[in-house]
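If you're matching them up, the sequences are chains A and B in order.
Number 91 in our numbering belongs to position 91 of the first sequence; there are no gaps in the numbering.
Number 64 in our numbering belongs to position 64 of the second sequence; there are no gaps in the numbering.
Cross-link-like lysine-lysine pairs, in silico, BS3-like; alpha carbons within 27 Å at most:
| # | chain 1 | residue 1 | chain 2 | residue 2 |
| --- | --- | --- | --- | --- |
| 1 | B | K62 | A | K95 |
| 2 | B | K44 | B | K62 |
| 3 | B | K44 | A | K70 |
| 4 | B | K78 | A | K95 |
| 5 | A | K95 | A | K57 |
| 6 | A | K70 | B | K97 |
| 7 | B | K97 | A | K95 |
| 8 | B | K78 | B | K11 |
| 9 | B | K97 | A | K56 |
| 10 | B | K78 | B | K97 |
| 11 | B | K97 | A | K57 |
| 12 | B | K71 | B | K11 |
| 13 | A | K56 | B | K44 |
| 14 | B | K44 | A | K95 |
| 15 | A | K95 | B | K71 |
Simulated from the structure, these hints should not be mistaken for lab results.
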Amino acid sequence: TQLLEQSPQFLSIQEGENLTVYCNSSSVFSSLQWYRQEPGEGPVLLVTVVTGGEVKKLKRLTFQFGDARKDSSLHITAAQTGDTGLYLCAGASGKLIFGSGTRLLVRP
Amino acid sequence: EAGVAQSPRYKIIEKRQSVAFWCNPISGHATLYWYQQILGQGPKLLIQFQNNGVVDDSQLPKDRFSAERLKGVDSTLKIQPAKLEDSAVYLCASSFKGFIHSYNEQFFGPGTRLTVL
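The whole structure should be built from the sequences, with the hints applied where relevant.
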């Protein structure tokens, strides 16, 4: 069974701080996606990383895919209150396998 | 462009009752997915349709869950009879193509929150 573990499960920080969330697995994935989900809504895709070692930037968000394509990280620089939400990683292996998510609260 | 539509948004039923959820995907999207998201967990794929055919239903509890996409457009997911552990958000998603090369973006609806008492 392929599993994706995300850490931390919950993170509460002050606006302006930096943070990193992690997504780890013992399985290799052909690609990995990061989603953000807000209360009462479905997940929205932020990025897809495909190549081992790949780094993608989306404004203040930096995503990295591990060299072995088993893990990934999301770094947010200077967090804003609008970044609050549930961050989900999902590994692609014929279908999407989701992690359990990191719930981020950015306090003003 | 209209997004994925789902109804109802909320449903409360008692155990052993039946319930049905409806999903209308984005126009032109051939692939439709139903996910179950239990509180505190990530979404889990229940079933994937390519047009009106089932691609993957390996995690669908077939003794109580059923789904159909008769005309290859909208879809219904049914639970009969419901159990307490079925309380969850049921998400529908669609994509233009199937998830062959893992590049395709899935667009999610807002979900239906089911509470089984």
